[in-house]
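Chemist: One line per chain: the protein sequences are G and Y, in this order.
With the working numbering applied, the first sequence covers 1 to 372.
With the working numbering applied, the second sequence covers 1001 to 1256.
Derived by calculation from the structure, the hints in this document are not laboratory data.
Fair warning: this is a prediction, and the values are worked out from it, not measured in the lab.
One thing to keep in mind: the hints can contain errors.
[Said to hold, decoys possible] Computed list of lysine to any residue pairs in SDA-like fashion (alpha-carbon distance at most 25 Å, straight line): (1) Lys297/G to Leu1068/Y; (2) Lys295/G to Pro1036/Y; (3) Lys335/G to Pro202/G; (4) Lys291/G to Val1166/Y; (5) Lys262/G to Phe301/G; (6) Lys369/G to Glu237/G; (7) Lys291/G to Leu1068/Y; (8) Lys1221/Y to Glu1246/Y; (9) Lys84/G to Gly132/G; (10) Lys1171/Y to Arg287/G; (11) Lys291/G to Gln1061/Y; (12) Lys1171/Y to Pro202/G; (13) Lys1014/Y to Gln1061/Y; (14) Lys291/G to Leu1157/Y; (15) Lys1192/Y to His1218/Y; (16) Lys291/G to Pro1160/Y; (17) Lys47/G to Glu251/G; (18) Lys1125/Y to Gly132/G; (19) Lys295/G to Glu1161/Y.
[Stated by the list, open to error] Covered stretches of chain Y (chain G as the covering partner; in silico rule of three or more C-beta atoms under 8 Å from a C-beta of chain G): (20) 1136 to 1142; (21) 1172 to 1181.
[What the hints assert, rightly or not] Far from chain Y by the CB rule (all over 10 Å, computed), these chain G residues: (22) Leu39; (23) His129; (24) Phe161; (25) Tyr178; (26) Gln190; (27) His201; (28) Pro214; (29) Ala219; (30) Gly231.
Idealized CB from N, CA, C, for every residue including glycine.
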Amino acid sequence: MPYADLDLEAGRRNGTVWVTLPNTNFDPEKGHRLYNRYLDELEYGEKLGFDVVAVNEHHQTAYGLMPSPIVTASALARRTTRAKIAILGSALPLRSHPLTIAEEHAMIDVISGGRLISGFVRGIGAEYHTFGVNPTFSHDRFHEAHDLIVRAWTEPGPFSFRGHHYDVKYVNLWPRPYQKPHPPIWIPSQGSKETIDWASHPDHRYTYLQTFSPAKVVARYLRMYRDTCAGYGYRAEDSQLGWAVPVYVGETDESAREEAKKHFEAFRNVYVKMPLEMLLPPGYTSRESLKNVMKAKAQMFGDVTLEQAVELGLFVCGSAQSVRSNFEKYWSEMKFGNLLVMCQFGTLPADLTRASMERFARDVMPALKALK
Amino acid sequence: MAFGDHSVEVDGCKTHYRRSGKGTPLVFLHGASGAPVVLPFMEKLAERFDVVVPDHPGYGQSGEPEWLENIHDVAYFYLDFLAALELEKAVVVGSSMGGWMAMEMAVRNTSRIGALVLVSPAGVKAGGAEPADIFLLPQEEMVRGLFHDSKFAEARLAIPETPESVDLGLKNRHTTARLAWEPRLHDPHLPKWLHRIDVPVHIVWGREDRILPVGIGHELKRLMPKAGLHVFERCGHLPQVEKMEEFCELVFRSCK
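Looking at chain Y on its own, in the form it has when it is part of the complex:
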């Protein structure tokens, strides 16, 4: 079934999302570069879930609300978004920045959340695992840094730029800076409250992640001892792209 485009106003923010599939709701929270297109893993997940892929406030086709100042604003927004769509027991899958958002939501309120899948999430810092400087890397190096297997980077770099894609890229980058510039890609207060997350948590990482090193995954596991930690070998920052089949199998297996 094809993904359809939808829009809903939440907290005064026109929010664009795509949706496909039936069953338990699964909300995918994208990373810093947004979710401009439907990717194969989304279609695969939609075979068994009611998959909702929103553009975050300040990203993609969603609005840029005045109130958007920090990651906590996004967390409250998404709790309202789950309510607005009347989603129950939602599996929240967050990649990178999106994983950070998922944790910030869940420490506040899990009443509409069934499980978390954190895919190489930002959000906490770990000694010896310094994130790449995503704001200083030239665009091409940034794309290459996302993947272990360079063929994925080549494919992404081969997509021609359009005026629209340039505009979207600048918009996404602006919001990422607003949320994650300082403290860089983490919230120093988050570790204090991770114990409040009372739903199953699955942490997924690529061993060769050069954006957020896997050491951050080990730190998260230490902070959330009951969480599962799944490390994919020969895989970079986006396991859902680079190890699509295994990633979806893992979600199917862990979040029935």
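Just chain G, with the same shape it has in the complex:
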């Protein structure tokens, strides 16, 4: 849900559209039109036959206008009837009280009649700068908030929760969630061993969703997830694996690339971009992971063209036939049970977004759903 009306030059000059880009660059009247356009597109997704419509959370950035996915998911809960609504996800450590998340997700689950998929994330590094939350406690707070939320959803209240970061005398959630024992939990991640160990643990078995990464990296982490499950002594279901990737379907390969090029490149090279210090504050990742990123810095922080992104499998773009055969090939390697296609990215306008969604729904999705 980017601020697509952004003056891209202003974003480039600032070096990033996160944290420090002055909010005077946001025009509320344009914002009004954008919000309603994006919500219309998500609702249209249900009409086109998508199983799930998904929203996410990012703060103080032109990258995404959804500081609260609760607001967008709530709007969708009342305007859709069949599709699942996925919040991917709520940033647990950024909230001062995780019970607010337990409550809001439960409300949406009850209002929608059990159509909520709950995603939990830590928020990206930049958000520890914007909120001032200490990144060195990020993992601890995430795990403790998760425990509190799941217990609040599943255990009869009132009970007390005595944590290190959260201490509550009366946990007694009204409403309790609609789904039993609780809404499915998905864990979107850019890939980390710690997250995989935790999400795949037999007590969790949460769906692991690898987001916006080159296909090779997606394959590596999904394999790591399966191997970790095997290490725990069980076989991962395909439904525990997911891949989130921007997709554009055109009439032909050529027209698809031509139509998507500047919008994708704006997404990758303006909206996503931020300096290392902003992306990875101390403690957000292990120091080993941080060193690996520092080594790959040139590659990660440089510009990427559409052609390079397609080559890397960072972006799937082409005619319906190409997109379908690409995903069939990727699927045969990875067997992901969930594919989250990001139909709008960067500055992609409404007409192209809808046309691509329609082609995907008509000429790609049925074949992918049939894969077994």
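Once you've looked at the hints, dock chain Y against the given chain G.
Modeler: Only chain Y this time, still in chain G's reference frame:
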């Protein structure tokens, strides 16, 4: 006399320190970037003091104890450290983060402390004196921001990186974030108790400090009216480096 490397276990934390000189003990508490090498001001101070330069828990060659969660933990640790080394009437000199630690120690217990020298310390906030964002500044800009005279920055930037120095840098940065990310570089409760410090206090600042502006020094002086405030002209965040001679003279003069 050369500084020797030592190690002592305090509160379950293997604590590395360097020590040189004779006389009244002087403990130097380093800032966010640690004390990886012996600097000229340490050698100069060791001409008249028994100088002890520990690596804080979570920094340099010291351990990373589980209990290390906030600045108060460090304060109690250092009170135990003074006891472990049986230091009496110690002059505690703290730079930046180290100055903050020195104040947090002294509001709790001054029984082993003779005087405080606070060198552009963190620890309190002051209206109109916003600290630099040390976690968002790129490394090179950060080093340049430390000094008024760029030749000091150039000298520091010219030191080649090694895998060990990268590891130490990340470790120090992690602990600084743990202690000072939020509230950013201050403890909102500290000003309430600064009046408890019953030993002489000397506040030292560089007029051109771009990391912690000198306005914070004026606020500290307001909070501790009996303290001396010495502002060095044409000097950045590290007077002990940039104005080494004058700084050491000041310590010799004030803490006999």
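Chemist: All the hints need checking, so say for each whether the structure fits it.
Modeler: Now for the hints, and whether the structure bears them out:
1. Among the hinted pairs, Lys297/G with Leu1068/Y is inconsistent with the structure: their alpha-carbon atoms are about 31 Å apart, more than 25 Å.
2. With a C-alpha separation of about 23 Å, the suggested pair Lys295/G and Pro1036/Y falls inside the 25 Å cut-off, and the hint holds.
3. Annotation: proposed proximity of Lys335/G to Pro202/G holds, straight-line Cα distance about 20 Å (limit 25 Å).
4. Note on Lys291/G and Val1166/Y: the hinted pairing holds, with a Cα-Cα distance of about 9 Å set against a maximum of 25 Å.
5. A threshold of 25 Å between alpha carbons decides the hint, and for Lys262/G with Phe301/G the separation of about 18 Å falls inside it, so the pair holds.
6. Note on Lys369/G and Glu237/G: the hinted pairing holds, with a Cα-Cα distance of about 16 Å set against a maximum of 25 Å.
7. A C-alpha spacing of about 23 Å is found between Lys291/G and Leu1068/Y, which places the hinted pair at or below 25 Å, so the restraint holds.
8. Annotation: proposed proximity of Lys1221/Y to Glu1246/Y holds, straight-line Cα distance about 21 Å (limit 25 Å).
9. Among the hinted pairs, Lys84/G with Gly132/G is inconsistent with the structure: their alpha-carbon atoms are about 33 Å apart, more than 25 Å.
10. Taking the CA atoms of Lys1171/Y and Arg287/G, the gap is near 8 Å; set against the 25 Å cutoff, the hint holds.
11. For the given pair, Lys291/G sits about 19 Å from Gln1061/Y by alpha-carbon distance, which is consistent with the 25 Å threshold.
12. The hinted pair formed by Lys1171/Y and Pro202/G fails the criterion: a straight-line CA distance of about 33 Å is larger than 25 Å.
13. This hinted pair checks out: Lys1014/Y and Gln1061/Y have alpha carbons roughly 9 Å apart, not beyond 25 Å.
14. With a CA separation close to 20 Å, the supplied pair Lys291/G and Leu1157/Y stays within the 25 Å bound.
15. Proposed proximity of Lys1192/Y and His1218/Y is supported: the alpha carbons are some 16 Å apart, at most 25 Å.
16. For the hint linking Lys291/G to Pro1160/Y, the alpha-carbon distance of about 17 Å falls within 25 Å, and the restraint holds.
17. At roughly 21 Å between alpha-carbon atoms, Lys47/G and Glu251/G fall within 25 Å of each other, so this suggested pair holds.
18. The hinted pair formed by Lys1125/Y and Gly132/G meets the criterion: a straight-line CA distance of about 16 Å does not exceed 25 Å.
19. The hinted pair formed by Lys295/G and Glu1161/Y meets the criterion: a straight-line CA distance of about 14 Å does not exceed 25 Å.
20. Only when three residues or more bring their CB closer than 8 Å to a CB of chain G does the claim for the stretch 1136 to 1142 of chain Y stand; here the count is 3, and the claim holds.
21. Under a criterion of three residues with beta carbons nearer than 8 Å to beta carbons of chain G, the stated coverage of the stretch 1172 to 1181 of chain Y is upheld, 6 such residues being counted.
22. Chain Y leaves Leu39/G outside its interface by the beta-carbon criterion, the shortest separation being 33 Å against a cut-off of 10 Å.
23. A Cβ of chain Y approaches the Cβ of His129/G within 10 Å, the least distance being about 6 Å, so the stated non-interface status is violated.
24. With a cut of 10 Å on Cβ distances, Phe161/G stays outside the contact zone with chain Y, its closest approach being about 20 Å.
25. Distance check for Tyr178/G against chain Y: the nearest CB is about 36 Å away, which clears 10 Å, and the non-interface claim stands.
26. Remark: the non-interface label on Gln190/G is consistent with the geometry, its nearest Cβ contact in chain Y lying 19 Å away (cut-off 10 Å).
27. Remark: the non-interface label on His201/G is consistent with the geometry, its nearest Cβ contact in chain Y lying 22 Å away (cut-off 10 Å).
28. No beta-carbon of chain Y is positioned within 10 Å of the beta-carbon of Pro214/G; the least distance is around 26 Å.
29. No Cβ of chain Y comes within 10 Å of the Cβ of Ala219/G; the nearest lies about 29 Å off, and the non-interface call holds.
30. Its beta-carbon lying about 27 Å from the closest one in chain Y, Gly231/G satisfies the requirement of being farther than 10 Å from that chain.
The structure fails to meet hints 1, 9, 12 and 23 from the earlier list, while all remaining hints are met.
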